[in-house]
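Enquirer: Below are the chains, spelled out letter by letter.
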Amino acid sequence: MGKHVLLIEDEPNIIEAVSFLLSRDGWSVSTHSNGHDAVDVILLKRPDVLVLDVMLPGRSGFDILAQVRSTADLQGLPVLMLTARGQLKDREMAERLGATRFMTKPFSNSDIIKALHEMSEV
Amino acid sequence: MGQLNLLVFVSLAYVIGLFAVAFAAERAARTGRIKWLRAPLVYTLSLSVYCTAWTFYGAVGFAVRSGLEYVTIYLGPSLVMLGWWWIVRKLVRIARTQRITSIADLVSSRFGKSNLLAVGVTILAVVGTTPYIALQLQSVTQSFSVFAEASDGDFDQSSQSAAALWIAIVLAFFTILFGTRKLDVNERHDGVVMAIAVEAVVKLIALLAVGVFVVWGLSGGIGPMMEKIDASEIGTWDVNAGRWAGLTFLAAAAFLCLPRMFHVMVVENESERHLRMASWAFPAYLMLMSLFVVPIAVTGLDLLPANSNPDMFVLTIPLSQGQSGLAMLSFLGGLSSATSMVIVASIALSTMVSNHIVMPVWLSATGNGASVSGDVRHVILLSRRIAIAAIVMLAYLYYQFSGGGSALAAIGLVSFVGLAQILPIMIGGIFWRGATRIGALGGLSAGFFIWGYTLFLPSFGEGMIFSAEVLTQGPFGMSWLAPQALFGIEGLDPILHCLLWSMLLNTAAFCALSLVSFPRPLERLQGAQFVNVFQHGGSARSWSSTLAQSEDLMIMAQRILGAIEAQSLFRREAAVQGIAGLVPQPTPAFLDVLERELSGSVGAATAHAMVGQIVGGASVSVDDLLAVADESAQMLEYSNKLEMQSAELQRTAGQLRRANDKLTQISVQKDGFLSQISHELRTPMTSIRAFSEILRDSDDMEPKDKARYAGIIHSETLRLTRLLDDLLDLAVLEDGRVSLNVTLRPLSEVIDAAIDSAGVLGQDTLRIKRRAPREDVLVRTDVDRLAQVFINLVSNTLKYCDAPEPELNIRVYRLDGQITVDFVDNGSAIDPKMRDVIFEKFSRVGETKAGGAGLGLAICREIMARLEGDIIYLPGQGSCAFRVQFPAELSLKTENV
Chain A
0 MGKHVLLIED EPNIIEAVSF LLSRDGWSVS THSNGHDAVD VILLKRPDVL
50 VLDVMLPGRS GFDILAQVRS TADLQGLPVL MLTARGQLKD REMAERLGAT
100 RFMTKPFSNS DIIKALHEMS EV
Chain B
0 MGQLNLLVFV SLAYVIGLFA VAFAAERAAR TGRIKWLRAP LVYTLSLSVY
50 CTAWTFYGAV GFAVRSGLEY VTIYLGPSLV MLGWWWIVRK LVRIARTQRI
100 TSIADLVSSR FGKSNLLAVG VTILAVVGTT PYIALQLQSV TQSFSVFAEA
150 SDGDFDQSSQ SAAALWIAIV LAFFTILFGT RKLDVNERHD GVVMAIAVEA
200 VVKLIALLAV GVFVVWGLSG GIGPMMEKID ASEIGTWDVN AGRWAGLTFL
250 AAAAFLCLPR MFHVMVVENE SERHLRMASW AFPAYLMLMS LFVVPIAVTG
300 LDLLPANSNP DMFVLTIPLS QGQSGLAMLS FLGGLSSATS MVIVASIALS
350 TMVSNHIVMP VWLSATGNGA SVSGDVRHVI LLSRRIAIAA IVMLAYLYYQ
400 FSGGGSALAA IGLVSFVGLA QILPIMIGGI FWRGATRIGA LGGLSAGFFI
450 WGYTLFLPSF GEGMIFSAEV LTQGPFGMSW LAPQALFGIE GLDPILHCLL
500 WSMLLNTAAF CALSLVSFPR PLERLQGAQF VNVFQHGGSA RSWSSTLAQS
550 EDLMIMAQRI LGAIEAQSLF RREAAVQGIA GLVPQPTPAF LDVLERELSG
600 SVGAATAHAM VGQIVGGASV SVDDLLAVAD ESAQMLEYSN KLEMQSAELQ
650 RTAGQLRRAN DKLTQISVQK DGFLSQISHE LRTPMTSIRA FSEILRDSDD
700 MEPKDKARYA GIIHSETLRL TRLLDDLLDL AVLEDGRVSL NVTLRPLSEV
750 IDAAIDSAGV LGQDTLRIKR RAPREDVLVR TDVDRLAQVF INLVSNTLKY
800 CDAPEPELNI RVYRLDGQIT VDFVDNGSAI DPKMRDVIFE KFSRVGETKA
850 GGAGLGLAIC REIMARLEGD IIYLPGQGSC AFRVQFPAEL SLKTENV
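Chains A and B, in that order, are what the protein sequence lines are. Using numbering that gives the first Met the number 0, the first residue of the first sequence is number 0, and each one after it goes up by one. Using numbering that gives the first Met the number 0, the first residue of the second sequence is number 0, and each one after it goes up by one.
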């Protein structure tokens, strides 16, 4: 079994596409689609890599990231942030809060796979 | 008659010669060679304008009638010049610092620029001087008639008055030529002064020549002459001390107050240093003039028939001895005396009349308070010319009315007493700070009235103004009011009587009224300036200018204009003068330019005062100060305006700040909007890209998966298209550029079409309840747009209604031409906090994945606004409900848009 990736995203079509991609690449994929209990899910599932959307129902991805980084067990977790807003200040915010990588939608499939490999191997 | 013609010819030639001298002097002054023109000797000689035909001819007559009393006429001025020259010096200093142009100006300026006083003094001067000018006409006419009789001509009374008229016309003509050729700011006339100096020499030589002829030619030397004098009545020292003192005082007062004396002595004065020479040279001149009066008088009485006129002895003695050449010289001497007096007196008077009477009237009539422009100059010169002609003609009329018979000395003294009325207020004005305008007016009026009543009017002779009865018994039989015996004091000489009473009452009124009245601020300031004139200016500086002044000017100019500008101005002006470097000569032209430049920065009055301070050595006059204050007030006003503008700017800034805040807010909203659009566009694109890459990169894919992924791509593409359509629709609606397509349609059809389009009919998930009769109403509006709103509401119910069995009630109400359509479903109500927000762009309620971008209700609201209606969330239904309202008929106004 490959490494475990958790995808937190609310758009069903994107969840389906990313799950398909990563499974085919050998990842063990879990998904979650709202922000309220995202941190609990992370703590429960203990993924090797986290893919986190910014605009989530219930709670923003930035909030979740901040809590992840302030949670002792999760400080080293590699986090890839995805956003569809495409604004510079989102990228800055993500970096300040401690995101490992940041990608703007739409992204290329090979890019996201490559990024996840790099993040999980460090 | 040949000799008379010769005389006329010589006289005219002499006057023309004088004119040539004056002309040459003025040209020399214009070209700057004025040094010899402004010598102390010329100043001293010009003072000889005091010695008129009265002195030339009349002194001998005076001596014949009253013995040595004639000396008082010379003694008064001599005492002033020897002992009281400091009064003259003070007058000169004041005149310079205050730019005084006449004695009327002096008095008016001292008493707070009172024009009333100026007018009073001017009238007094005109009235007082007229007999004096008449006197000159009389003496020249008499001398003509003497010549005429000597050459056996027939020169009767009518010829005499014709001659007097001609003399008056010629004198007026030459005075106008001399005195009003140009307008000088300082009222200086170099040419006139020069001509008077020449005349002073001519009359002195003429009188000395006659004297020498009398003593050595007729009497055989000094010794025999003295014996003859001792033998005659004149030689007896029968001196009335009171008369002597009175007449000496009178002559001294007249010397200071006569308009012509004030003019040559004060106004035409070039430098206070000239007074030093004049203080001894002028008494010496007077002594020479008086030296041979007694010998001539004694000889005349001795040689000539008993009834001959002693006033003409100077002329008749040489004529009787056949000395026609000497007689001619003597005549020229008399003519010189007369012409110089008439010229200077009428120039001085015309200045007063034009400055204090004509100009104020003209300026107030034209409402033109502006500075002297070419136009005003023209008016001034014209008024002066007319004034000169009028004054001389007035004198001619006086001569005619007074009969021409009075003795010369008597007329002269009448004038002296009249003008002496100015003395108290003048001396009081420059030495007593407490003197006030009211006091001056009172004193002047009292003196003028008493002089007119007791001396001037009676001088016309009995029966002319006053009847003999009034003169002796007083008006209405009140003897204490008899013009020449006021308050019962009889037996005094009319001159002394008048002098006593007028001076007494004049001074008393002046002092008393000054003490009880309160000076205005301007009077107080001017009083201090006049009385303390020597404390202001420091040492008297000459008007002549030096390069040191230019440097001072430069320092000042740099302060005001800034170094670079001032230096370039000075360099430019130096270049104009042909001087290299930065220091031009302070010529009037340069000073004008400098003043103009400075006035641009500090105002005209201030600039004038500053330049005057440096160049003129003049202290700043109250006029200047007031003008400066005016300017300061204007600047203050300007600064107030600036403050107001500043307050307005602050208001504007506040408005701008608020506008900016609003724009910032809008900008934030726009950022949010863009961010929203970006999200709404990128989300479907992400799916499309991901699945299209999967399809591209996967060869071994299940056909089922393939079809599924292609379907997702397809639906996401539709979502994108819908989004773009909505955005464009909203943009057009918000812009107001949408054109409405108004048609008439039953409302039921519109609702039918909407339900159809929303895709309800094919499904059985939503039940729609309607009441057909209520919908049976015609609407005239853009029915397609209205349908679009209905579609939105129906499909929202389809998407969001969370009831197990979704149901939509569509109810129609009509009221006053307004149609209301309610859409009420049975799902949960919208959170009250969200009820306004749902109409904003990109707002969505809940987490339902209905595929909308959140633009639907925003579009509905825009459409309803265009249709003059509204769409609101309808609370109080226990479920989700919307209300649409609009007029059944869209107004024409909007329809035509």
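Mixed in with the good hints, there may be bad ones.
Simulated pairs of lysine-lysine, DSSO-like, Cα-Cα distance not exceeding 27 Å [stated by the list, open to error]:
| no. | chain 1 | residue 1 | chain 2 | residue 2 |
| --- | --- | --- | --- | --- |
| 1 | A | 44 | A | 113 |
| 2 | B | 661 | A | 88 |
| 3 | B | 832 | A | 113 |
| 4 | A | 44 | A | 88 |
| 5 | B | 832 | B | 669 |
| 6 | B | 798 | B | 832 |
| 7 | A | 113 | A | 88 |
| 8 | A | 88 | B | 798 |
| 9 | B | 768 | B | 798 |
Simulated from the structure, these hints should not be mistaken for lab results. Since this is a predicted model, take the numbers as computed values, not measurements.
Enquirer: Give a verdict on every hint.
Expert: Checked hints:
1. A/44 - A/113: Status holds; Cα separation ~22 Å.
2. B/661 - A/88: Roughly 22 Å separates the two Cα atoms, so the pair holds.
3. B/832 - A/113: violated (44 Å)
4. A/44 - A/88: Given that 27 Å is the threshold and the Cα spacing comes to 30 Å, the pair is violated.
5. B/832 - B/669: holds (23 Å)
6. B/798 - B/832: holds (21 Å)
7. A/113 - A/88: holds (24 Å)
8. A/88 - B/798: violated (34 Å)
9. B/768 - B/798: Holds, because 18 Å separates the two Cα atoms, which is no more than 27 Å.
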